[in-house]
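J.: Chain by chain, the residues run as shown.
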Amino acid sequence: MDLSTGSDLVVALAWRSAAIAAFGAALMLAGALIVRRYMQHEEEARSRVVAVWRPLLTRIALENAELPTLPCLAPRRLPFFMEEWNALHDALRGDASERLNELARRMGLDAAARHMMHSREIRKRILGIRTLGHLRDAAAWKQLQEQLVAANALVSFYAAAALIQIDAQRAMPGIMLQLAERENWPGEAMARLILEAGANVAREPIRALMLSLEPSKVPPLLPWLGKIDSILASEVATVLLHRHASDDEVVAAALLVVQDATLLPELRRQAGSSNADIRKHLALALGRLGGPEETELLMQLMGDPVWWVRYHAAHSLIRLQGLDDARLDAVRSRLTDRFARDMLDHVRAEESVA
Amino acid sequence: MSVRLVLETVQWLFLGYFVLLNGTYLVLNVIALFGLRRYLGGTSAAERVYSHLQMPVSLVVPAYNEAATIVSSVRALLQLRYQHFEVLVVNDGSLDDTLAVLEKEFELQPFPEAYRVQIRTQPVRGIYRSLRHPNLRVIDKENGGGKADAVNAGINAARYPLFYAGDADSVLDPHSLEHVVRPFLEDPHTVACGGTVRIVNGCTVRGGFLERIGLPRNPLALVQVVEYLRAFLGGRLGWSSINALLIVSGAFGVFHRETVVAAGGFRADVIGEDMELTVRLHRLLSARRARYRVTFVPDPVCWTDAPEDLGTLARQRKRWHRGLAESLWNNRGLCFSRHGGAAGWFAFPFFVMFELLSPVVEVGGYIVMALAFAFGLLSGDSFLAFIAAAFALGMLLSTSALLLEELSFRTYPRATHMLLLFGVAVLENFGYRQINAFWRLQALIGWLLGRRIEWGKMRRNVKWQER
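In order, the protein sequences belong to chains A and B.
Going by the numbering used here, the first sequence opens with residue 1, and the numbers climb by one from there.
Going by the numbering used here, the second sequence opens with residue 355, and the numbers climb by one from there.
These are computed hints drawn from the structure, not numbers from a lab.
Note that this is a predicted model, so its numbers are computed, not measured.
Treat the hints with caution; some may be incorrect.
Now the in silico label distances, taken between C-beta atoms and shown as ranges [said to hold, decoys possible]: (1) B:Gly-370 - A:Arg-48: 48 to 54 Å; (2) B:Asp-623 - A:Glu-181: 41 to 47 Å; (3) B:Leu-774 - A:Ala-51: 30 to 36 Å; (4) B:Thr-558 - A:Glu-351: 42 to 48 Å; (5) B:Arg-686 - A:Ala-74: 56 to 62 Å; (6) B:Thr-558 - A:Gly-108: 45 to 51 Å; (7) A:Arg-332 - B:Arg-392: 51 to 57 Å; (8) A:Ile-34 - B:Arg-479: 58 to 64 Å.
Negatives, chain A to chain B, calculated, CB over 12 Å [claimed, not checked]: (9) Val-52; (10) Arg-54; (11) Pro-55; (12) Leu-88; (13) Arg-93; (14) Arg-106; (15) Asp-110; (16) Gln-178; (17) Gly-198; (18) Glu-204; (19) Pro-205; (20) Glu-235; (21) Asp-260; (22) Gly-287; (23) Met-299; (24) Ala-330.
Examples of chain A residues lying across from chain B (beta carbon under 7 Å, computed) [to be verified]: (25) Ser-7; (26) Val-10; (27) Val-11; (28) Ala-14; (29) Ala-21; (30) Ala-22; (31) Gly-24; (32) Met-28; (33) Gly-31; (34) Ala-32; (35) Arg-36; (36) Pro-186; (37) Met-343.
Yeah, the Cβ is synthetic: ideal placement off N, Cα and C, and Gly gets one too.
So that you can see chain B by itself, here it is in the shape it has in the complex (with noise of 0.2 Å):
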């Protein structure tokens, strides 16, 4: 009798939690239909109003070894279209010629800056500045601290109100910065401003900007197409509409540098730097009461490059779960606390649930039910009810995403695109969730164990910045 009620009780878990998780994201995505409603049927109307209108903004890109990519990247970076920005690009203290190359080709000049330390960095050896562009700059510092502790170089050299801080190897929309930037003029209250990052395998990109949207023949990539556009276009926007966006990605996003810099910028001992900041911002202005919005633009502004093969996807999937679980951990004040608003009593808390903790009810669950089913204590009937109820959910959820991208950019231009996606969405269910979810275990279990998580090397596979 016991073993009944245990099952039955993992049964009802286990369905309970997957609709929970699946109809909580659709509701998201319906909130993320009117927010991209709004949004879009003000666009043209904004960029006419906006047009004149440009908050100056420092793009500060950190460089570790990059020499061989690193001057298409400024190049593509210096012919962005808008008027008033910066180039900062950070020397992590390289190994390779990165700074020699930067030299050459920029043409840099030792300057004599007054350097201000408003966020604690590996000291910096020197500043430079390009002879050729005045809005270059190069500040060259001692290795350490990784990604973050580049940033803030970067961030403290920073002349403009607003930095972006991205990867050096993303592709960017040559309007991106005009699209981030819309929110802050709209509302002075902003802080932070995501994009809608894309995955640029199978375009063609030249000169630093993507010429052709195509998509990648990787299946691996492919399945990512279909993820992203679930993360940023459902999620993110739906999150953003509520004031709880949690995450501002790595790959793309500007920040109102005084407040980053009152929050004392991005942390150095952490694996999930973006994330971490930006739920710290949450928490530190709720705290205080300020009046602020952490938002996110659905166009797509930034295209980046997606593992193709499972050992560097594994990392990567790894590292992601192991910020998300230290961004949480390290500002766990924010969950419910007094003023938290819907980022402290909505998403803070639906993130520990289904996003955290996911993948142990998913593995579980899978686990449970599997040998329940060996052991003849599960129906071949049962077993196949919950698998599908699952897998059905999921492809829901994906579907939907693709639904909303068709009513907003319709980026994939034929149907068989979108017929492919399609495919794709159903075909996730078997294997890839389940690998994913594994993963994400580990290294939950990793971090709960207090290891330490390898980089790796990343595989590039988007060859455009090689000279």
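Looking at chain A on its own, in the form it has when it is part of the complex (with noise of 0.2 Å):
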């Protein structure tokens, strides 16, 4: 019986596997460091882009005078340069930011700049976003509102931010919807980008969206119109909140921005619900808007299973004006809970360390 050569396909196939594998492993190494030297390479021609071409920028922006003759830039070596174009636009204002507008497009920015929207790199299409947003390009319209629906959470961001920055009123309904519709966009950046575009060009279109969406969409946004315009939250709340009296998040989402003292009587009677996010938000209310005729309803919150409701509503007791130390100690005096003593406690040295 002759056993010693094995199977000779398995044997072979070993073999084969094994100089498959050491060529690749070698052909990695060499990529690897291939790789490294290109991307040295590359870091070299970064910065010498950044040293001839940023104090240049920074004078052609802040010195009001005709633009000088401009030094050579590789087409491949664009998007250094647009990166820090991008950069100074995004620290400037004014007759500044329209100099270096004018500098680009006679470098013909604009054009490379659609050309880079449909780039497969993200990080080139968002470049090309920025800017067209910074150069107010209007003929890039239609492009934009293509990228703001795109499927990555930052192409579309910024594509909100350019189109907000070409035309905030024009542009608001589209973004709106997208802020509905879209669980991964950072709302509240985008309330920023609203607010540093002046909250009140988007005060209609946002009121009327609030109004006519669908009860599930509204929670995750009533919060964030309470960051850019907390009268207009309030206002929408209210209505909402008779609108969708039944809808449980609707009205936790609502107590949560309302401004109006007279619904006080109203929003009392949701100490009862079954909801502790009502609740909890509800004790925020009462701080908010109450006084110490609240100190009933809000010791008896105190005792809620739900600790944050015992929390919010303890912050909330002592935040209420007029109740001093000594009328605080009475309050506590007349708890009959231990865990709504203990939560009274816990705050007060809360408090009191802050």
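Quick one: dock chain against chain with the hints and give me the complex.
T.: Written as structure tokens, this is what we have:
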């Protein structure tokens, strides 16, 4: 019985696997070293572009003079230049940004940016979009609207920012729809953008949209709206509170932003809600809108089974106007629930350290 | 004839196993490459968008007999570049002066906290608040239940929606929290996020932060640099891209607090509580058909001390393998479960076949081949062919991780570092991999026989914390 050769096929395959793997490993090592060299080369090229263009761009932006003769810029180095140009633009306003735009148009940045919007590289697409936004390039409106609905959250976010830069009022309905539809948008960052553009430009489209949305889309948007326009948020919340009184999520969101103290009698009825978010947000609302007359209800909420309801109720209680230490001691002595007393002690200690 | 058949079958199995194992990891590396490109492509843009948005994070730091090092660890954490965070040190019934040292250094004062027990733990003896740092609290609890119980006590006291659970002796990147919180901002369904852990041996650390990156001189630590690159940049990033990441490392992980509380917190009766929790989250959330994401950021956010002696390394690897076995066994319901997704249908079976059982195949394969060769049943050529295939495939995998590192972070500054790591990727096949497989086999047998595992003493090699 000759077993010493094993199976020729499997041995041949083993050798072949070993050879392919070893060759692959050598290839990858070579690749790694080439990548390192290439990256170093790119970094050096970037440094050269920055060294030449940063002082020149700053001078052009800040000095009201004729555009000087410009140094040569290889087309493949344009992204480095665009990054510098955008970074400077982010920091400037008014005439200086106009002068940067004039330079950009002379260098054909608008066409290059429109081309970059179709790149498969996210970084390049975003760079193109930012450039068009700074250029306030109305000719790119349709392309930017296409990018607004892109699956990538960052691409769509920057497209929204560019559209706001070009025409905030015209951009707002489309952006609000995205805000309601998308779950992957940084809502707070968008709030900041709208505030920078002037919240009043968005007031009416936002009100119309909020009041026309399905109830399920309202809860994440109301707190967001509270950050950009607390008065509008409160007005919208008041309408929605009446319209969707039986929808727990809408009620909970509305309680967070409502500013109208005349609603207090209505709000107090929510203390019996089975939804902990509603009770928690009610505790916050009572502290924000109410006075000493809310003490009893807040004491009741401090005995809630949910920790956060107790916590916010205690915070609201000690922030009510006219409740000094002596009165708080009196309130404490009337609390029969151990958890409520513990929470009051906790929050008072927290306040004293803060 | 039957001996020939058995031998041929073993040969096919051995070769097939190695090709499949390494092939799958190579596919994961390719997936990871695309994930990296996507991630890095949006990094600077994302940083601009998210720079003003930071979800508050509670940093839970368990401490047991850490009097010599805890002050430096806490100071380093308090210096992290992040707007909203609190540090919760959990003194796990230390027998030394850990609590006294903290009291003195941070002016601790007893705090009448309305502590809520959402996860049952050993009793809490007291809670303290720092007068110097408003965002520092210390929870003093009775010992028992290990790191898991201490972290659970910290989770109970945590105020913020996210919590970080890590080791007190890890060195964190100052921007680590920004990186790891980003997935939670991008996708509100994210429940856990891990980050890349690197080896701190050979680096210079000052004041709790990395000052200079270098490679260790100790050969054991050097091999672990390649191992960590392979595991984090290739494996974890690949699994994360298809939402099948089964481990968020205990050295650095950020979790959504309410989700972890609802899942019952960390289990104190297992060795690998970090992996067990991650697999459990997959099992529970997928069974509920909840939309969720367990993810991973490739940025090097945490640097950890690697064992430099065989004894400590052996104990660590045995613990890890035991933890793997327990995590998979305790959550076996995830495997091929109806709504298990990629985690249940790909990652779980893969981990059973190619991680849990790999020491059986590796050690078994080497023994059978060596015996067959020794008794003249296998030719020298055949023996060499199989050894060469196993080694070369392993080397290919390690080199692909090095390539990923070059394409992404280029953490190690010199080309000579890369060549040295490549040399290590070749040399680790001659002894290191085999001894590792042997330790893991021991751990597997110990687990099957229900033996207790010895923790032993971890020898520290990095001295930055000592006063």
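J.: Take the C-beta atom of B:Leu-774 and the C-beta atom of A:Ala-51, compute their distance, and say whether it sits inside 30 to 36 Å.
T.: holds (33 Å)
J.: Between A:Ile-34 and B:Arg-479, is the Cβ distance one that fits in 58 to 64 Å?
T.: Once the Cβ atoms are compared, 60 Å apart, the range 58 to 64 Å for B:Arg-479 and A:Ile-34 holds.
J.: Can we trust that A:Arg-54 is non-interface, i.e. its beta-carbon lies farther than 12 Å from all of chain B?
T.: holds (17 Å)
J.: Using 7 Å as the Cβ threshold, decide whether A:Ser-7 counts as touching chain B.
T.: holds (5 Å)
J.: Are all beta-carbon distances from A:Gly-198 to chain B longer than 12 Å?
T.: Answer for A:Gly-198: holds, closest chain B Cβ roughly 19 Å.
J.: Given a cut of 7 Å on the nearest C-beta pair, is the interface hint for A:Ala-21 held or broken against chain B?
T.: Status holds, d = 4 Å.
J.: Does the hinted range 42 to 48 Å hold for B:Thr-558 and A:Glu-351 at CB?
T.: holds (43 Å)
J.: Beyond 12 Å from every Cβ of chain B: is that where the Cβ of A:Arg-93 lies?
T.: holds (17 Å)
J.: Just checking, A:Glu-235 versus chain B, shortest CB gap more than 12 Å?
T.: The assertion about A:Glu-235 holds, with a minimum of 26 Å to chain B.
J.: Just want to verify: A:Arg-106 was marked as not at the interface with chain B; is every Cβ pair farther apart than 12 Å?
T.: Holds, since 26 Å exceeds 12 Å.
J.: Checking hints one by one. Is A:Met-343 an interface residue toward chain B, by the C-beta closer than 7 Å rule?
T.: OK, holds: A:Met-343 within 7 Å of chain B, min 4 Å.
J.: Hey, does A:Asp-110 actually stay past 12 Å from chain B on C-beta?
T.: holds (20 Å)
In summary, this structure violates none of the numbered hints.
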